[in-house]
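Peer 1: Whenever a hint applies, use it, and build me the whole structure from the sequences.
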Amino acid sequence: MNEPGGRRAELDGSGHRGEEPAGFEEFFRHYAPVVRRYLLWREAETAVLDDTVQLTMMSAYRYWERVQYMDPPTGWLFKVAGQRLQDVRQSDQRQRMVQDAVRKAAPAACPDPMVVSDQRLDVLAAVRKLPPRQQEALALREQFGLRYKDIAEVMGVAPATVRAHIHQAHQTLRMLLGEGEQG
23 MNEPGGRRAE LDGSGHRGEE PAGFEEFFRH YAPVVRRYLL WREAETAVLD
73 DTVQLTMMSA YRYWERVQYM DPPTGWLFKV AGQRLQDVRQ SDQRQRMVQD
123 AVRKAAPAAC PDPMVVSDQR LDVLAAVRKL PPRQQEALAL REQFGLRYKD
173 IAEVMGVAPA TVRAHIHQAH QTLRMLLGEG EQG
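For the working numbering, add 22 to where a residue sits in the sequence shown, where the first one is 1.
A portion of the hints provided could be inaccurate.
Here are the simulated SDA-like pairs of lysine to any residue, each with C-alpha atoms no more than 25 Å apart in a straight line [stated by the list, open to error]:
{"#": "1", "residue 1": "K101", "residue 2": "A180"}
{"#": "2", "residue 1": "K151", "residue 2": "M177"}
{"#": "3", "residue 1": "K171", "residue 2": "Q90"}
{"#": "4", "residue 1": "K151", "residue 2": "R111"}
{"#": "5", "residue 1": "K126", "residue 2": "T194"}
{"#": "6", "residue 1": "K151", "residue 2": "T183"}
{"#": "7", "residue 1": "K171", "residue 2": "Q121"}
{"#": "8", "residue 1": "K171", "residue 2": "D93"}
{"#": "9", "residue 1": "K101", "residue 2": "Q90"}
{"#": "10", "residue 1": "K171", "residue 2": "R51"}
{"#": "11", "residue 1": "K171", "residue 2": "Q108"}
{"#": "12", "residue 1": "K101", "residue 2": "S81"}
Simulated from the structure, these hints should not be mistaken for lab results.
Peer 2: Now the structure itself:
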């Protein structure tokens with residue numbers, strides 16, 4: 023959608039057109055550090071903290087119509103931050119388990135270098151079918167082992183966006199590679 027002046031307006035998940043709702047910027051500047059201080063007591067890893075604060079503030083943005091009237095909103099923010107922290111930890115744990123399983127299984131499952139090479143070519147062909155942003159996020163994560171925070175910096179997006187790109191890429195690759203095995 024184009025706005026006056028030729029700017030492109032994008033809808034976000036809350037229905038806003040890329041503009042901060044009234045008062046949210048000030049709310050964010052005040053409460054994001056408060057949420058971070060709370061989370062510092064529960065988590066030491068900076069990337070997990072950053073992702074959790076980001077997701078918490080995204081929830082506040084999504085529910086801004088209610089949150090803006092809470093006095094004070096800290097109880098709600100801390101509850102949401104705890105839930106998002108658990109989500110981030112579980113996601114990271116699942117990702118590590120899958121990566122560890124793949125690393126352990128790959129050499130034993132396919133000792134023949136030609137089979138391994140063919141499988142890699144199949145994976146690369148499938149990756150090249152992904153949208154460019156998913157390709158980029160996946161390459162930076164899987165090939166170079168960058169953290170979500172670092173990928174976000176490279177791509178100029180939020181860590182939560184990186185997680186979404188990688189999650190969508192994994193889903194699409196499972197579908198593409200699964201179809202290849204059956205057909």
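Peer 1: Please go over all the hints and tell whether each is borne out by the structure.
Peer 2: Hints versus structure:
At roughly 22 Å between alpha-carbon atoms, K101 and A180 fall within 25 Å of each other, so this suggested pair holds. Using a Cα cut-off of 25 Å, the hinted pair K151 and M177 holds, with the two alpha carbons roughly 19 Å apart. Among the hinted pairs, K171 with Q90 is inconsistent with the structure: their alpha-carbon atoms are about 28 Å apart, more than 25 Å. A hinted pair counts as satisfied when its Cα atoms are at most 25 Å apart, and K151 with R111 does not qualify at roughly 30 Å.
Of the pairs offered as hints, the one joining K126 and T194 holds, with about 23 Å between alpha carbons and a cut-off of 25 Å not exceeded. At roughly 20 Å between alpha-carbon atoms, K151 and T183 fall within 25 Å of each other, so this suggested pair holds. Between K171 and Q121 the CA atoms are separated by roughly 18 Å; this keeps the pair inside 25 Å, and the hint holds. With a C-alpha separation of about 32 Å, the suggested pairing of K171 with D93 is violated against the 25 Å cut-off.
A threshold of 25 Å between alpha carbons decides the hint, and for K101 with Q90 the separation of about 16 Å falls inside it, so the pair holds. With a CA separation close to 20 Å, the supplied pair K171 and R51 stays within the 25 Å bound. A hinted pair counts as satisfied when its Cα atoms are at most 25 Å apart, and K171 with Q108 qualifies at roughly 18 Å. With a C-alpha separation of about 11 Å, the suggested pair K101 and S81 falls inside the 25 Å cut-off, and the hint holds.
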